[in-house]
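Number of protein chains: 2
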Amino acid sequence: MGAHHATKLSGEDEQAVRRVVAAYETAWNRHDMKALGVLFTPDADWINIVGMHWTGQDEVQKAHEVYHRRMFATTDIRSTRVEVRGIGAGVAVAVVDLAVGDFKTPTGQEIKESRDRLSLTLVKRDGRWEIVHGHNTVIDPAAAPYDPIRGEKMREVGAP
Amino acid sequence: MGAHHATKLSGEDEQAVRRVVAAYETAWNRHDMKALGVLFTPDADWINIVGMHWTGQDEVQKAHEVYHRRMFATTDIRSTRVEVRGIGAGVAVAVVDLAVGDFKTPTGQEIKESRDRLSLTLVKRDGRWEIVHGHNTVIDPAAAPYDPIRGEKMREVGAP
Numbered sequence: 001m002g003a004h005h006a007t008k009l010s011g012e013d014e015q016a017v018r019r020v021v022a023a024y025e026t027a028w029n030r031h032d033m034k035a036l037g038v039l040f041t042p043d044a045d046w047i048n049i050v051g052m053h054w055t056g057q058d059e060v061q062k063a064h065e066v067y068h069r070r071m072f073a074t075t076d077i078r079s080t081r082v083e084v085r086g087i088g089a090g091v092a093v094a095v096v097d098l099a100v101g102d103f104k105t106p107t108g109q110e111i112k113e114s115r116d117r118l119s120l121t122l123v124k125r126d127g128r129w130e131i132v133h134g135h136n137t138v139i140d141p142a143a144a145p146y147d148p149i150r151g152e153k154m155r156e157v158g159a160p
Numbered sequence: 001m002g003a004h005h006a007t008k009l010s011g012e013d014e015q016a017v018r019r020v021v022a023a024y025e026t027a028w029n030r031h032d033m034k035a036l037g038v039l040f041t042p043d044a045d046w047i048n049i050v051g052m053h054w055t056g057q058d059e060v061q062k063a064h065e066v067y068h069r070r071m072f073a074t075t076d077i078r079s080t081r082v083e084v085r086g087i088g089a090g091v092a093v094a095v096v097d098l099a100v101g102d103f104k105t106p107t108g109q110e111i112k113e114s115r116d117r118l119s120l121t122l123v124k125r126d127g128r129w130e131i132v133h134g135h136n137t138v139i140d141p142a143a144a145p146y147d148p149i150r151g152e153k154m155r156e157v158g159a160p
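So the sequences go chain by chain: A and B.
The first sequence stops at residue 160 when you use this note's numbering, and every number in between is there.
The second sequence stops at residue 160 when you use this note's numbering, and every number in between is there.
If you are wondering where the hints come from, they were derived from the structure by calculation, not from laboratory data.
These figures come from a predicted structure and were not determined experimentally.
Honestly, I wouldn't trust all of these hints.
All copies of an identical chain are treated as equivalent in the list; a pair is satisfied when it fits inside any one copy or across any two copies.
[As the list claims (entries may be wrong)] Distance condition first, Cα-Cα at most 30 angstroms in a straight line; then the derived DSS-like pairs of lysine-lysine:
(1) Lys-153 <-> Lys-112
(2) Lys-62 <-> Lys-8
(3) Lys-124 <-> Lys-153
(4) Lys-8 <-> Lys-124
(5) Lys-8 <-> Lys-153
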């Protein structure tokens with residue numbers, strides 16, 4: 001069980017991780033992509049809600065810049081729940097629920113007040129927590145009742 | 001840069017991670033949820049393509065079991081690309097592109113030959129690589145051309 005103890009975050013580390021999550025939200029809402037970019041490691045990857053895969057801090061920042069000019073110029077996000085756990089020495093995962101304001105996709109689709117669930121994997125390098133991997137998914141409100149674990153229609157999908 | 005060197009996976013570790021990814025695919029295609037469950041750590045989380053969040057190995061296995069009975073009983077997956085990188089001491093991320101066979105959702109929607117992009121975060125504990133976090137997203141083929149980094153219509157979204 002030694003390995004498991006090693007994964008527990010100190011209170012200080014958990015607060016540092018939560019500050020990075022808060023800084024991501026603040027940078028997004030200011031549409032300040034430089035402030036957003038510095039939260040990532042050079043080897044950071046990002047997978048967005050439609051499955052695009054950006055590799056490296058430069059791509060992650062550039063792609064966010066383009067979309068903030070084009071799609072998210074006035075779109076705010078708000079974290080409604082942040083769960084943080086340590087998974088290894090100096091490595092943590094934050095699961096962040098986000099309320100996302102209206103936006104219009106490049107294909108012309110109007111997206112109204114959606115909710116995302118974002119996984120951020122963070123590493124502590126040289127004493128500083130940074131995002132090394134992000135993966136984001138839209139929460140489908142029509143599917144949620146059929147969640148086999150906590151949906152109210154879980155029995156209809158055959159959950160015991 | 002010492003910290004960065006420490007994140008590089010040995011060839012042996014990379015192969016071990018790839019074997020876990022292959023074992024996930026095999027267990028899925030045999031619809032053998034016990035074989036799938038043992039690939040996860042006790043503290044593993046999973047976020048699926050509609051944003052459901054399962055916490056702990058028991059929930060991850062049970063939810064997969066229910067959906068394999070109800071939704072994926074004859075649905076195969078096939079990995080078409082697996083990228084593996086080390087992000088910390090004994091921690092790796094695999095990004096897995098999956099071709100997913102037809103299935104029908106509990107709400108009655110028929111999903112035809114979709115493609116997913118899956119992030120698996122793995123940790124080496126007691127010498128064994130296991131999945132500690134999974135996050136999966138459907139690749140939207142209509143959005144892909146507007147990828148600011150590598151879409152063929154990237155200029156239309158204002159990419160330089």
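Checklist entry - Failing hints, ascending? => result Result: hints 3 and 5 break, sorted rising.
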